[in-house]
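Asker: Below, each chain spelled out in residue letters.
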Amino acid sequence: MTMPLMFDLLGVFFFGVSGSLLAARRGFDIVGSLLLAGLTGIGGGIVRDVILGEVPTAFANPYYFVPPTLAALLVYFVAPGVQRLKRPLLVFDAAGLALFCTSGTVKALELGMNPFAAALLGVTTAVGGGLLRDVVANQTPAIFDPRDMYAVPAMMGAGLIAALWVAGFSGWVWELAVAAIVFTLRVLSLKLRWHVPKAVGPWHREAELN
Amino acid sequence: MTMPLMFDLLGVFFFGVSGSLLAARRGFDIVGSLLLAGLTGIGGGIVRDVILGEVPTAFANPYYFVPPTLAALLVYFVAPGVQRLKRPLLVFDAAGLALFCTSGTVKALELGMNPFAAALLGVTTAVGGGLLRDVVANQTPAIFDPRDMYAVPAMMGAGLIAALWVAGFSGWVWELAVAAIVFTLRVLSLKLRWHVPKAVGPWHREAELN
Amino acid sequence: MTMPLMFDLLGVFFFGVSGSLLAARRGFDIVGSLLLAGLTGIGGGIVRDVILGEVPTAFANPYYFVPPTLAALLVYFVAPGVQRLKRPLLVFDAAGLALFCTSGTVKALELGMNPFAAALLGVTTAVGGGLLRDVVANQTPAIFDPRDMYAVPAMMGAGLIAALWVAGFSGWVWELAVAAIVFTLRVLSLKLRWHVPKAVGPWHREAELN
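Those protein sequences? They're chains A, B and C, same order as listed. Per full-length UniProt numbering, residue 1 is the first one in the first sequence, and the count goes up by one each step. Per full-length UniProt numbering, residue 1 is the first one in the second sequence, and the count goes up by one each step. Per full-length UniProt numbering, residue 1 is the first one in the third sequence, and the count goes up by one each step.
Hints listed in this document are in silico derivations from the structure and should not be mistaken for laboratory results. Mixed in with the good hints there might be a few duds.
No copy is singled out in the list; a pair is fine if it fits within one copy or between any two copies.
[Said to hold, decoys possible] The calculated lysine to any residue pairs, modelled on SDA-like cross-linking and capped at a C-alpha distance of 25 Å, are:
#, residue 1, residue 2
1, Lys86, Glu175
2, Lys107, Trp194
3, Lys86, Phe13
4, Lys86, Gly201
5, Lys191, Gly171
6, Lys107, Leu74
7, Lys198, Leu73
8, Lys107, Glu54
9, Lys191, Arg87
10, Lys191, Phe77
11, Lys107, Pro202
12, Lys191, Pro80
13, Lys198, Val78
14, Lys198, Ala142
15, Lys198, Phe77
16, Lys107, Pro146
17, Lys198, Thr69
18, Lys107, Tyr63
19, Lys86, Ile181
20, Lys191, Glu110
21, Lys198, Phe116
22, Lys191, His204
23, Lys86, Val50
24, Lys107, Ala60
25, Lys107, Asp148
26, Lys198, Gln83
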């Protein structure tokens, strides 16, 4: 196993845990736990690859089935223990976000997409799995919540990778540097409770909207 | 920029505004506003292109990122003003519906799909974005509402384009004529409050269904 | 029409009826009934084919538009009668599940997917349509319900087909045998009220999860 594959599988695992935990909280069965773990872990990459016209990585390589299975088993056996680890889990999730937004953008650029589309596909890779998890579990997507800043670091990272590519800088050193920035921003946003502006400016009252 | 591209971008913009307005009403953040604007504006075309095995138009051409951004900014700055324009917005939305159902059907026919599949993909282009908007925002899709007739004009238009194609008539004159018919039907359906039959015949009582 | 196509269309019809019945119960219009019938009947196969990079079967062959239309018409005219047939419908649905999970796995194997991915795509073909139906109708997917065992027989059948393929056994005799096993398991699970373990082990209390 190569180093990048190891990192990717780790990202899939940490994303997968959030899917299995949601299944646990909602009283779903173990099938739902497995499916939500898989969807959260590899869903973003599947959407990216389908749009790029490639066979999704996760279907080309059976290793990708291991992390969601482990996530579902972990939650089955020690769900409350996993719940109590909420804070470390958020840190690992931030690492997944950072790795997926850079690797997704790079893959799209290498396949010849324009920088805007590549950055969008990088963001899709990073946040698409969590979005699918919430949509399939029939709840309002967490990334729309103004109290948390989840997608913004990924958008910045993907944009930065695309801009560096246009300027002629690419390679794993730049990728790692950008991933480190995304990770730092995400962790800081949690620590300092940064939030995102709402869809309407603060000068509007809610009442005006209905 | 060619004339058809201009029209297409306008359609994306008007569809996008409905996505951003929904984000505003639901209290989502600006990321949700952008994502729902993009999904509503270009989601139908993405589904069509993925099924056709093509790289989605919106990813091949960075211009498509401008209208959803404008829609999100417009709603951020003047949401209540946009809300008050509900009636003119519905007219513009009808124009988008008319253009997307004809252009979507024609694209599928040109790529060699059979007339039934092409018409279905034309309808998908026209109503798919709004459907994705509602599914992702976790609400019952508006196109299922029996009090409004939204998909039917698009189905008629797509079917008409496919029938004309089979009969040997194609070209922008026919497309424009069909689009005008779809637009007129949609606006009339709003003015005259036409509605669609329910999924069960009127001779059944609701109680019998549970 | 070949025999396999006939079976496939029957499966699409029975799945489609469940989509139209849901539209009826939820008070949707006839457009929603048609769309949910189509999505339930052919949605799983579309997702499979999009991931495989093929033009979806249902779009290549106009016959596939007939069963969802018949399902929507049937529910429109005799919905309460259809409701009363709940038990026979579940048996037909089990037949669809059995046929779709074997045919989906075989198609993926023939197109060169690895056995794990092929089995997953077989399960997707079998349960994907029902999942899409529930997601689009904005309700919690039925396959996550621990009181019913729906996906497990399909997972066993798809895994068995893939294992037989690896061991060198393929052909319609094996497919039919596995489909018969899946069908029997599904019908037995209904008769004997088998259920699936929850996402968390029984030694955890619900309270610990929030």
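Asker: Against this structure, judge whether each hint is valid.
Answerer: Against the structure, the hints:
For a Cα distance limit of 25 Å, the shortest separation of Lys86 from Glu175 qualifies neither inside one copy, at 27 Å, nor across copies, at 45 Å. In the homo-oligomer, the alpha carbons of Lys107 and Trp194 never lie at most 25 Å apart, since the shortest distance is 30 Å inside one protomer and 45 Å across protomers. Only within a single protomer do Lys86 and Phe13 lie at most 25 Å apart by alpha-carbon distance; the minimum there is 15 Å, versus 40 Å between protomers. Proximity of Lys86 and Gly201 under a CA criterion of 25 Å is satisfied inter-copy only: 19 Å between copies versus 32 Å inside one chain copy.
In this assembly of identical chains, the alpha carbons of Lys191 and Gly171 never lie at most 25 Å apart, being 31 Å within a copy and 59 Å across copies at closest. With identical chains, the CA atoms of Lys107 and Leu74 are never at most 25 Å apart, being 31 Å at best within one copy and 33 Å at best between copies. Within a single copy, Lys198 and Leu73 get their C-alpha atoms only as close as 38 Å, which misses the 25 Å cut-off; across copies the closest is 11 Å, which meets it. Both within a single protomer and between protomers do Lys107 and Glu54 lie at most 25 Å apart by alpha-carbon distance, with minima of 11 Å and 18 Å respectively.
Taking identical chains as interchangeable, the C-alpha atoms of Lys191 and Arg87 lie at most 25 Å apart only when both belong to the same chain, with a minimum of 10 Å there against 45 Å between chains. Proximity of Lys191 to Phe77 under the C-alpha cut-off of 25 Å is found in neither arrangement, the shortest distances being 30 Å within a copy and 29 Å between copies. Neither within a single protomer nor between protomers do Lys107 and Pro202 lie at most 25 Å apart by alpha-carbon distance, with minima of 38 Å and 43 Å respectively. Taking the shortest alpha-carbon separations for Lys191 and Pro80, only the intra-copy value of 23 Å comes in at or below 25 Å, while the best inter-copy value is 34 Å.
In this assembly of identical chains, Lys198 and Val78 lie within 25 Å of each other by CA distance solely across copies; the values are 13 Å between and 37 Å within a copy. In this assembly of identical chains, the alpha carbons of Lys198 and Ala142 lie at most 25 Å apart whether taken from the same copy (14 Å) or from different copies (24 Å). Taking the closest pair of Cα atoms, Lys198 and Phe77 come within 25 Å of each other only across two copies (11 Å); inside a single copy the shortest separation is 39 Å, beyond that limit. For the identical chains of this complex, Lys107 and Pro146 are neighbours neither inside a copy (30 Å) nor across copies (39 Å), given an alpha-carbon limit of 25 Å.
Proximity of Lys198 and Thr69 under a CA criterion of 25 Å is satisfied inter-copy only: 15 Å between copies versus 37 Å inside one chain copy. Proximity of Lys107 to Tyr63 under the C-alpha cut-off of 25 Å is found in both arrangements, the shortest distances being 19 Å within a copy and 21 Å between copies. For the identical chains of this complex, Lys86 and Ile181 are intra-copy neighbours only, at 22 Å inside a copy versus 42 Å across copies, given an alpha-carbon limit of 25 Å. With identical chains, the CA atoms of Lys191 and Glu110 are never at most 25 Å apart, being 35 Å at best within one copy and 51 Å at best between copies.
Taking CA atoms no more than 25 Å apart as the test, Lys198 paired with Phe116 passes inside one copy only; the shortest distance there is 24 Å, against 43 Å between copies. Neither within a single protomer nor between protomers do Lys191 and His204 lie at most 25 Å apart by alpha-carbon distance, with minima of 29 Å and 31 Å respectively. Taking the shortest Cα distances, Lys86 and Val50 never come within 25 Å of each other, neither inside one copy (32 Å) nor across copies (36 Å). For a Cα distance limit of 25 Å, the shortest separation of Lys107 from Ala60 qualifies both inside one copy, at 15 Å, and across copies, at 15 Å.
Taking the shortest alpha-carbon separations for Lys107 and Asp148, neither the intra-copy value of 28 Å nor the inter-copy value of 41 Å comes in at or below 25 Å. Only between protomers do Lys198 and Gln83 lie at most 25 Å apart by alpha-carbon distance; the minimum there is 16 Å, versus 29 Å within a single protomer.
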